[in-house]
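Engineer: Sequence:
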Amino acid sequence: MSARTIESIYTDGACTGNPGPGGWGVVVYLNDGSVYEIGDGCRQTTNNRMEMQAAIAALQYFQQSGQSEPITLYTDSEYLINCVTKWVKSWKKKDWKKADGKPVQNQDLLEVLDELNNRKVKWQHVRGHAGNIGNERCDVIARAFATGKKPQLKQESSPPTHVPLDNMSEITVAKEPEVTANLTTNNPKSTAVNTVEHDMTMMEPSLAPATHTHENVPHETRVVLLRNLVETLRIADEVAEKGFLITSSELADLMDVHASAVTSRGDQWRWRNWIVSRVRREGNQILWELERGDQVESEEE
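The sequence shown finishes on residue 543 if you use our numbering, and the numbering steps up by one all the way, no holes.
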(Lines of atoms letter the chains of each structure in order from A and count residues from 1; the text may use other names and numbers.)
(Lines give C-alpha, C1' and ligand atoms only; values in the text may rest on other atoms or scores of the structure.)
Protein backbone atom coordinates (compact mmCIF):
# COMPACT_ATOMS: atom_id res chain seq x y z
CA MET A 1 0.00 0.00 0.00
CA SER A 2 1.46 3.37 -1.05
CA ALA A 3 2.11 6.06 1.54
CA ARG A 4 -0.45 8.80 1.90
CA THR A 5 0.84 12.03 0.40
CA ILE A 6 -0.25 15.58 -0.31
CA GLU A 7 -1.44 16.11 -3.87
CA SER A 8 -2.30 19.79 -3.85
CA ILE A 9 -2.93 22.71 -1.50
CA TYR A 10 -5.22 25.71 -1.97
CA THR A 11 -4.80 28.96 -0.04
CA ASP A 12 -6.73 32.20 0.26
CA GLY A 13 -6.92 35.30 2.43
CA ALA A 14 -9.67 37.84 3.12
CA CYS A 15 -10.01 41.15 4.89
CA THR A 16 -13.04 43.29 5.73
CA GLY A 17 -12.02 46.91 5.32
CA ASN A 18 -8.39 46.36 4.24
CA PRO A 19 -7.01 47.22 6.70
CA GLY A 20 -9.45 45.61 9.10
CA PRO A 21 -10.41 42.20 10.51
CA GLY A 22 -8.99 39.42 8.36
CA GLY A 23 -8.83 35.68 7.95
CA TRP A 24 -7.07 33.01 5.95
CA GLY A 25 -7.83 29.47 4.87
CA VAL A 26 -5.94 26.42 3.61
CA VAL A 27 -7.38 23.30 2.01
CA VAL A 28 -5.09 20.27 1.63
CA TYR A 29 -6.02 17.43 -0.73
CA LEU A 30 -4.39 14.06 -0.06
CA ASN A 31 -3.95 11.17 -2.48
CA ASP A 32 -6.36 8.92 -0.55
CA GLY A 33 -9.21 11.38 -1.16
CA SER A 34 -9.17 12.88 2.31
CA VAL A 35 -9.13 16.61 3.02
CA TYR A 36 -7.41 18.61 5.75
CA GLU A 37 -8.29 22.26 6.39
CA ILE A 38 -6.57 24.98 8.40
CA GLY A 39 -7.58 28.57 9.12
CA ASP A 40 -7.32 31.48 11.51
CA GLY A 41 -8.12 35.18 11.82
CA CYS A 42 -6.70 38.52 12.95
CA ARG A 43 -8.45 41.59 14.30
CA GLN A 44 -6.43 44.15 12.34
CA THR A 45 -4.56 43.25 9.17
CA THR A 46 -4.62 43.55 5.37
CA ASN A 47 -5.69 41.31 2.53
CA ASN A 48 -2.12 40.79 1.32
CA ARG A 49 -0.96 39.72 4.78
CA MET A 50 -3.76 37.19 4.96
CA GLU A 51 -2.82 35.80 1.55
CA MET A 52 0.74 35.43 2.82
CA GLN A 53 -0.38 33.88 6.10
CA ALA A 54 -2.33 31.22 4.25
CA ALA A 55 0.68 30.39 2.08
CA ILE A 56 2.95 30.21 5.14
CA ALA A 57 0.56 27.79 6.83
CA ALA A 58 0.44 25.67 3.67
CA LEU A 59 4.23 25.56 3.32
CA GLN A 60 4.72 24.75 7.00
CA TYR A 61 2.22 21.94 6.68
CA PHE A 62 4.11 20.61 3.68
CA GLN A 63 7.42 20.92 5.51
CA GLN A 64 6.11 19.10 8.59
CA SER A 65 4.82 16.25 6.42
CA GLY A 66 8.37 15.36 5.41
CA GLN A 67 7.07 14.60 1.91
CA SER A 68 9.64 14.26 -0.86
CA GLU A 69 7.16 14.36 -3.75
CA PRO A 70 6.48 17.85 -5.20
CA ILE A 71 3.15 19.59 -4.73
CA THR A 72 1.18 22.32 -6.46
CA LEU A 73 0.10 25.28 -4.35
CA TYR A 74 -2.90 27.11 -5.81
CA THR A 75 -3.67 30.75 -4.99
CA ASP A 76 -5.75 33.47 -6.64
CA SER A 77 -3.25 36.15 -5.56
CA GLU A 78 -0.92 37.07 -8.41
CA TYR A 79 0.73 39.50 -6.01
CA LEU A 80 1.67 36.62 -3.70
CA ILE A 81 3.06 34.51 -6.53
CA ASN A 82 5.11 37.40 -7.91
CA CYS A 83 6.47 38.20 -4.46
CA VAL A 84 7.63 34.65 -3.80
CA THR A 85 8.83 33.62 -7.27
CA LYS A 86 10.13 36.89 -8.73
CA TRP A 87 10.48 39.99 -6.61
CA VAL A 88 11.87 38.59 -3.36
CA LYS A 89 15.30 37.84 -4.87
CA SER A 90 15.77 41.43 -5.93
CA TRP A 91 14.41 42.80 -2.66
CA LYS A 92 16.89 40.75 -0.63
CA LYS A 93 19.79 41.98 -2.74
CA LYS A 94 18.64 45.56 -2.15
CA ASP A 95 18.33 45.03 1.62
CA TRP A 96 14.52 44.84 1.38
CA LYS A 97 14.15 48.06 -0.55
CA LYS A 98 12.02 48.55 -3.65
CA ALA A 99 13.23 50.21 -6.84
CA ASP A 100 12.14 53.62 -5.52
CA GLY A 101 14.15 53.09 -2.34
CA LYS A 102 11.11 52.62 -0.11
CA PRO A 103 10.93 49.67 2.32
CA VAL A 104 9.19 46.53 1.09
CA GLN A 105 5.85 46.01 2.80
CA ASN A 106 5.26 42.86 4.86
CA GLN A 107 8.95 42.03 5.03
CA ASP A 108 8.40 39.87 8.12
CA LEU A 109 6.06 37.49 6.31
CA LEU A 110 8.05 37.57 3.08
CA GLU A 111 11.17 36.42 4.91
CA VAL A 112 9.28 33.45 6.31
CA LEU A 113 7.82 32.61 2.90
CA ASP A 114 11.22 32.80 1.28
CA GLU A 115 12.70 30.46 3.87
CA LEU A 116 9.90 27.91 3.48
CA ASN A 117 9.68 27.99 -0.32
CA ASN A 118 11.64 25.37 -2.26
CA ARG A 119 11.79 23.63 -5.63
CA LYS A 120 9.25 21.01 -4.57
CA VAL A 121 6.55 23.69 -4.56
CA LYS A 122 4.94 24.67 -7.85
CA TRP A 123 3.06 27.97 -7.52
CA GLN A 124 -0.07 28.02 -9.65
CA HIS A 125 -2.47 30.93 -10.11
CA VAL A 126 -6.16 30.10 -10.14
CA ARG A 127 -8.89 32.58 -10.96
CA GLY A 128 -10.85 33.55 -7.87
CA HIS A 129 -14.63 33.12 -7.64
CA ALA A 130 -14.68 31.07 -10.83
CA GLY A 131 -16.17 27.87 -9.47
CA ASN A 132 -12.92 26.14 -8.49
CA ILE A 133 -13.90 23.99 -5.50
CA GLY A 134 -10.61 24.31 -3.62
CA ASN A 135 -10.42 28.06 -4.09
CA GLU A 136 -14.07 28.60 -3.18
CA ARG A 137 -13.71 26.57 0.01
CA CYS A 138 -10.61 28.54 1.05
CA ASP A 139 -12.54 31.75 0.46
CA VAL A 140 -15.37 30.53 2.69
CA ILE A 141 -12.94 29.69 5.50
CA ALA A 142 -11.02 32.96 5.19
CA ARG A 143 -14.12 35.16 5.12
CA ALA A 144 -15.66 33.34 8.04
CA PHE A 145 -12.62 34.01 10.21
CA ALA A 146 -12.44 37.60 8.93
CA THR A 147 -15.95 38.25 10.22
CA GLY A 148 -15.28 36.80 13.64
CA LYS A 149 -16.74 33.37 13.00
CA LYS A 150 -15.11 29.99 13.48
CA PRO A 151 -16.09 27.69 10.63
CA GLN A 152 -16.30 23.94 10.88
CA LEU A 153 -13.02 22.77 9.37
CA LYS A 154 -12.86 19.41 7.64
CA GLN A 155 -10.47 17.09 9.42
CA GLU A 156 -11.17 13.84 7.59
CA SER A 157 -7.78 12.51 8.54
CA SER A 158 -4.70 13.47 10.50
CA PRO A 159 -1.81 15.15 8.67
CA PRO A 160 0.66 12.76 6.96
CA THR A 161 3.09 13.06 9.87
CA HIS A 162 0.26 12.88 12.41
CA VAL A 163 0.86 16.40 13.69
CA PRO A 164 -1.58 16.87 16.62
CA LEU A 165 -4.48 19.11 15.71
CA ASP A 166 -3.81 21.27 18.77
CA ASN A 167 -0.40 22.12 17.33
CA MET A 168 -1.69 23.12 13.93
CA SER A 169 -2.56 26.60 15.24
CA GLU A 170 1.18 27.15 15.69
CA ILE A 171 1.51 27.20 11.92
CA THR A 172 0.36 30.81 11.77
CA VAL A 173 3.10 33.36 12.41
CA ALA A 174 0.93 36.46 12.30
CA LYS A 175 1.74 39.11 14.85
CA GLU A 176 -1.78 40.46 14.78
CA PRO A 177 -4.11 39.32 17.59
CA GLU A 178 -6.36 36.36 16.87
CA VAL A 179 -10.10 36.60 16.41
CA THR A 180 -11.74 35.03 19.44
CA ALA A 181 -15.38 34.82 18.39
CA ASN A 182 -16.61 31.22 18.24
CA LEU A 183 -19.66 31.41 16.01
CA THR A 184 -19.90 28.84 13.22
CA THR A 185 -20.90 28.99 9.59
CA ASN A 186 -20.96 26.51 6.74
CA ASN A 187 -21.62 28.60 3.66
CA PRO A 188 -20.81 32.33 3.79
CA LYS A 189 -21.50 33.99 0.48
CA SER A 190 -20.09 37.09 -1.15
CA THR A 191 -22.28 40.16 -1.21
CA ALA A 192 -20.73 41.59 -4.37
CA VAL A 193 -23.52 43.19 -6.40
CA ASN A 194 -23.34 43.43 -10.18
CA THR A 195 -25.81 45.63 -12.02
CA VAL A 196 -25.67 47.77 -15.14
CA GLU A 197 -26.37 51.47 -15.24
CA HIS A 198 -25.99 53.32 -18.54
CA ASP A 199 -22.99 51.55 -20.17
CA MET A 200 -20.88 50.98 -17.08
CA THR A 201 -20.68 47.97 -14.77
CA MET A 202 -21.68 48.65 -11.17
CA MET A 203 -19.55 46.98 -8.54
CA GLU A 204 -19.77 46.88 -4.77
CA PRO A 205 -16.98 45.64 -2.48
CA SER A 206 -17.54 42.38 -0.65
CA LEU A 207 -17.38 43.65 2.90
CA ALA A 208 -19.06 40.68 4.62
CA PRO A 209 -20.80 37.41 3.87
CA ALA A 210 -24.53 37.56 3.32
CA THR A 211 -25.10 35.30 6.31
CA HIS A 212 -23.31 37.78 8.54
CA THR A 213 -26.43 39.77 9.41
CA HIS A 214 -26.48 43.17 11.05
CA GLU A 215 -28.33 41.86 14.08
CA ASN A 216 -25.83 39.18 15.11
CA VAL A 217 -22.77 41.44 14.84
CA PRO A 218 -21.65 43.12 18.08
CA HIS A 219 -22.09 46.89 18.11
CA GLU A 220 -18.37 47.45 18.61
CA THR A 221 -17.58 45.35 15.53
CA ARG A 222 -20.14 47.26 13.44
CA VAL A 223 -18.55 50.54 14.47
CA VAL A 224 -15.07 49.28 13.56
CA LEU A 225 -16.29 48.04 10.17
CA LEU A 226 -17.98 51.37 9.51
CA ARG A 227 -14.83 53.29 10.41
CA ASN A 228 -12.79 51.05 8.12
CA LEU A 229 -15.26 51.63 5.31
CA VAL A 230 -15.15 55.40 5.79
CA GLU A 231 -11.34 55.30 5.69
CA THR A 232 -11.45 53.24 2.50
CA LEU A 233 -13.80 55.75 0.88
CA ARG A 234 -11.62 58.64 2.03
CA ILE A 235 -8.59 57.06 0.40
CA ALA A 236 -10.53 56.51 -2.83
CA ASP A 237 -11.62 60.14 -2.80
CA GLU A 238 -8.02 61.30 -2.35
CA VAL A 239 -6.85 59.06 -5.19
CA ALA A 240 -9.51 60.56 -7.45
CA GLU A 241 -8.92 64.16 -6.36
CA LYS A 242 -5.15 64.03 -6.89
CA GLY A 243 -5.39 62.08 -10.13
CA PHE A 244 -3.31 59.15 -8.94
CA LEU A 245 -3.14 56.10 -11.19
CA ILE A 246 -3.30 52.79 -9.34
CA THR A 247 -2.66 49.21 -10.43
CA SER A 248 -5.23 46.42 -10.59
CA SER A 249 -3.88 44.81 -7.43
CA GLU A 250 -3.91 48.12 -5.56
CA LEU A 251 -7.45 48.82 -6.71
CA ALA A 252 -8.49 45.31 -5.67
CA ASP A 253 -6.99 45.90 -2.22
CA LEU A 254 -8.87 49.20 -1.93
CA MET A 255 -12.17 47.57 -2.91
CA ASP A 256 -11.50 44.39 -0.89
CA VAL A 257 -12.00 42.10 -3.88
CA HIS A 258 -9.73 39.77 -5.80
CA ALA A 259 -7.67 41.25 -8.65
CA SER A 260 -9.55 39.15 -11.17
CA ALA A 261 -12.76 40.90 -10.15
CA VAL A 262 -11.16 44.18 -11.23
CA THR A 263 -9.59 43.13 -14.52
CA SER A 264 -12.71 41.29 -15.69
CA ARG A 265 -14.92 44.38 -15.45
CA GLY A 266 -13.97 46.01 -18.72
CA ASP A 267 -12.48 49.41 -19.47
CA GLN A 268 -14.95 51.55 -17.53
CA TRP A 269 -17.37 50.85 -14.71
CA ARG A 270 -18.85 52.42 -11.60
CA TRP A 271 -17.87 51.61 -8.02
CA ARG A 272 -19.82 53.40 -5.29
CA ASN A 273 -19.22 57.15 -5.85
CA TRP A 274 -16.55 56.73 -8.50
CA ILE A 275 -16.20 55.92 -12.17
CA VAL A 276 -13.23 53.60 -12.66
CA SER A 277 -11.48 53.83 -16.03
CA ARG A 278 -8.66 51.81 -17.51
CA VAL A 279 -5.90 54.20 -18.57
CA ARG A 280 -3.02 52.12 -19.92
CA ARG A 281 -0.78 49.14 -19.35
CA GLU A 282 2.74 49.43 -17.97
CA GLY A 283 4.60 46.13 -18.26
CA ASN A 284 2.44 43.51 -16.59
CA GLN A 285 0.33 46.08 -14.74
CA ILE A 286 -2.90 47.80 -15.78
CA LEU A 287 -3.27 51.35 -14.47
CA TRP A 288 -6.68 52.69 -13.44
CA GLU A 289 -8.06 56.15 -12.78
CA LEU A 290 -10.87 57.09 -10.39
CA GLU A 291 -13.23 60.00 -10.99
CA ARG A 292 -16.07 61.15 -8.81
CA GLY A 293 -19.25 60.06 -10.59
CA ASP A 294 -21.27 63.06 -9.44
CA GLN A 295 -18.69 65.46 -10.87
CA VAL A 296 -18.65 63.67 -14.22
CA GLU A 297 -22.43 63.72 -14.38
CA SER A 298 -22.58 67.44 -13.54
CA GLU A 299 -20.06 68.22 -16.29
CA GLU A 300 -22.16 66.25 -18.80
CA GLU A 301 -25.25 68.24 -17.83
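Hints were generated in silico from the structure; no laboratory data involved. No residue lacks a Cβ here, since even glycine has one placed at the ideal position from N, Cα and C. Hints are supplied without guarantee of correctness; some may be wrong.
Capping the alpha-carbon separation at 30 Å, the derived lysine-lysine pairs in BS3-like fashion look like this [claimed, not checked]:
1. K364 <-> K328
2. K336 <-> K362
3. K396 <-> K362
4. K484 <-> K335
5. K336 <-> K364
6. K484 <-> K331
7. K344 <-> K328
8. K328 <-> K339
9. K362 <-> K335
10. K331 <-> K362
11. K331 <-> K344
12. K339 <-> K362
13. K362 <-> K334
14. K364 <-> K331
15. K396 <-> K344
16. K362 <-> K340
17. K334 <-> K364
18. K364 <-> K340
19. K335 <-> K364
20. K340 <-> K328
21. K328 <-> K362
22. K339 <-> K364
23. K392 <-> K484
24. K344 <-> K334
Using C-beta positions, here's what the derived DEER-type ranges look like [claimed, not checked]:
25. R361 <-> A341: 38 to 46 Å
26. Q349 <-> N374: 24 to 32 Å
27. R523 <-> Q349: 25 to 33 Å
Engineer: Are K344 and K328 close enough, with their CA atoms no more than 30 Å apart?
Structural biologist: holds, 18 Å
Engineer: Starting from K336, check that the Cα of K364 is at most 30 Å away, please.
Structural biologist: holds, 26 Å
Engineer: Sort out whether K362 lies within 30 Å of K339, counting only the CA atoms.
Structural biologist: Holds: K339 and K362 sit about 28 Å apart, inside 30 Å.
Engineer: Given the hint that K335 pairs with K364, does the C-alpha gap stay at or below 30 Å?
Structural biologist: holds, 23 Å
Engineer: Straight-line Cα separation of K331 and K362 no greater than 30 Å?
Structural biologist: holds, 18 Å
Engineer: Would you mind confirming whether the straight-line C-alpha gap from K331 to K344 stays at or under 30 Å?
Structural biologist: holds, 16 Å
Engineer: So if I understand the rule, the pair passes when the alpha-carbon distance is 30 Å or less; does K392 with K484 pass?
Structural biologist: Measuring from Cα to Cα gives roughly 41 Å; hence the hint is violated.
Engineer: Is the Cα-Cα distance between K364 and K328 30 Å or less?
Structural biologist: holds, 13 Å
Engineer: Is the hinted pair K396 and K344 satisfied, with a Cα-Cα distance of at most 30 Å?
Structural biologist: violated, 42 Å
Engineer: Assess, step by step, whether the Cα of K364 is no farther than 30 Å from the Cα of K340, and give holds or violated.
Structural biologist: holds, 25 Å
Engineer: Need the status of pair K362, K335: alpha-carbon distance at most 30 Å?
Structural biologist: With a Cα-Cα distance of about 24 Å, the restraint between K362 and K335 holds, given a limit of 30 Å.
Engineer: For K340 and K328, compute the direct alpha-carbon distance and say whether it is at most 30 Å.
Structural biologist: Since the Cα atoms of K340 and K328 sit roughly 13 Å apart, the hinted pair holds (cutoff 30 Å).
Hint violations for this structure: numbers 4, 6, 15, 23 and 25, all remaining hints satisfied.
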